[in-house]
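*Asks:* Spelled out, the chains give:
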Amino acid sequence: MTFDIVITTDRSMMTDHHHHEFLGFMTTGPAFGVPERVWSWIAAPKPKVDSEGRPKVAPYGLRKIEAALVDAGFNAAVVDPDHIGKHLDTMKVLMIGHHDFFAYGPPSSEWWTITGKEPFNRVSFRRFMESPVIRKAKEKGVKIIVGGPAAWQWLWALDEWRKWGVDTVVDGEAEKAVVALADRALKGLPLPDYIFVGPADTPQNIEEIPRIKHASVNGLVEIMRGCPRGCKFCSVTLRPWRMIPPERVIEEIKVNMSEGEKGIILHSEDVLLYYADGIRPRPEALLKLHTAIRQITDEPIGWSHASLAAIKSAQEQHKLITKLTDIMFSSEKQTYLGVEVGLETGSVKLARKIMPAKSAPYPVDKWPEVVEEAFSIMHEHKVIPAATLIAGLPGEEPDDVMATTELVEKLRPYRSLIVPMFFVPMGAFKNMEWFRRTQIRPEHVELLKATLRHSAYWARDIVDRFYLKGTRYVLVRAAIKWIVNYIERKAEEAARAVEERSKA
Amino acid sequence: MLTEAFRKGVKRIAVVVKSNDVTYMEKAREVLSEFIAQTIVIWREDEVSNA
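Read top to bottom, the protein sequences are chains A and G. Residues in the first sequence are numbered from 1 upward in steps of one, following this note's numbering. Residues in the second sequence are numbered from 505 upward in steps of one, following this note's numbering.
It should be emphasised that the hints constitute simulated quantities derived from the structure, not laboratory data.
As a list, the in silico DSSO-like pairs of lysine-lysine whose alpha-carbon atoms are at most 30 angstroms apart:
#1 A/K92 x G/K522
#2 G/K515 x A/K187
#3 A/K46 x A/K213
#4 G/K512 x A/K176
#5 A/K213 x A/K176
#6 A/K163 x G/K522
#7 A/K349 x A/K410
#8 A/K187 x G/K522
Construct the complete structure from the given sequences, taking the supplied hints into account.
*Replies:* If you want it as structure tokens, here you go:
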């Protein structure tokens, strides 16, 4: 079987992370403490493939592009990066997606800053693009089209753009744009260098959003696009706010189940704002969706993201966290719920500047209390958040960082992982060593130490009691604990080095 | 010119550049890195003349 259009990505993305999405975070850091091959095995094991090299599971974004092209009548398929060679003589277009091509996004940029080493995802993508099979494809005239959430990074990687012969970069929701591009490419017509897909060219209603044809990594399915919060720093708010009805979500879950993918992760910028009244959660559709999922499977349900304000509001107004976890935990297979949340800062002053709507419907000056109450609600309901915070933003002052450190210390009683993300300006990547030496200040070190103490403490508990239970994961569990210990030791050394530098 | 187009509220903008290399993006990236509400398609002049 041959495909005119092959859709792929590098190994750091084409993997199921041992069915544990949080292990995917490891692909954003450099291999440390263990050889790169071991790191790769833990973070990005190879998926099973069929005789054509089509993986059993693939990232959801690639599945959407595949579905859009198949629905439009193209002969297209997702293929594992190790098996592109099988299609070298027949493919005409190679589409490559990624969420962090060059490790310029968080948290990759932060690990790069702290360790001074290139993250695994960057190394892996470069290795893929410079592999003989990709070079051969280019020689044969295959058109290379890249896109995904990290498309913007190509604007800062012009040498690679030129060197690797990328024909077109597509930035934005691409289901409609790729159909037109594929048509031009297959007809041998010239392609544009760059497309930024504005709101007018995104799917306006759910009928324009294609249903996936094959299984997604860890059963991720989207339930909503866009976000009503209106934060000035976020492009998602410019797009139309669209809900995927429960029936459509269930259809995609059934696609995953029919191909043996048992996991379910509901993806949204904020799961609790599914069919919400603006930023106020409403229970009906959320309860309907979770009940419908429980009726067809007893496998664990995960959430991609939720906002802390929505967690507090949903529980206070509707006891919704209790009701939803009751539905999920009615299966013996589910004992916890994992979700990513944005803590961002403990400073009211900084919150007012960069994210005045983040705490809504609560006033922004209550942000630290909103955070702590949401963490308390989650702890009580066995919801385990992976929280991110941002350090080093322009305009940040030492007291802002200290306020965040204080908040992190207050959160110690609540089971969670807290990951600091360093704001790294694009220019810093050309002189990372200078950036590391001059921009990481002593108060940042205190914050990093506080988050590390918190996360190392809870990581051991989570790995043992919730996340990687059973003999099946004994090796992964042991390796992760070893890495946590190693990071603790190295972080202490790094902190001492920064402290000594600041005294000098 | 781009700013003028943004002000007029157009939905789509086609930009044709004379460069035969992607280095022109160094100039364009500040605009493209912003959150913009238009579709922008950038072509090179030789591509347009062949299209």
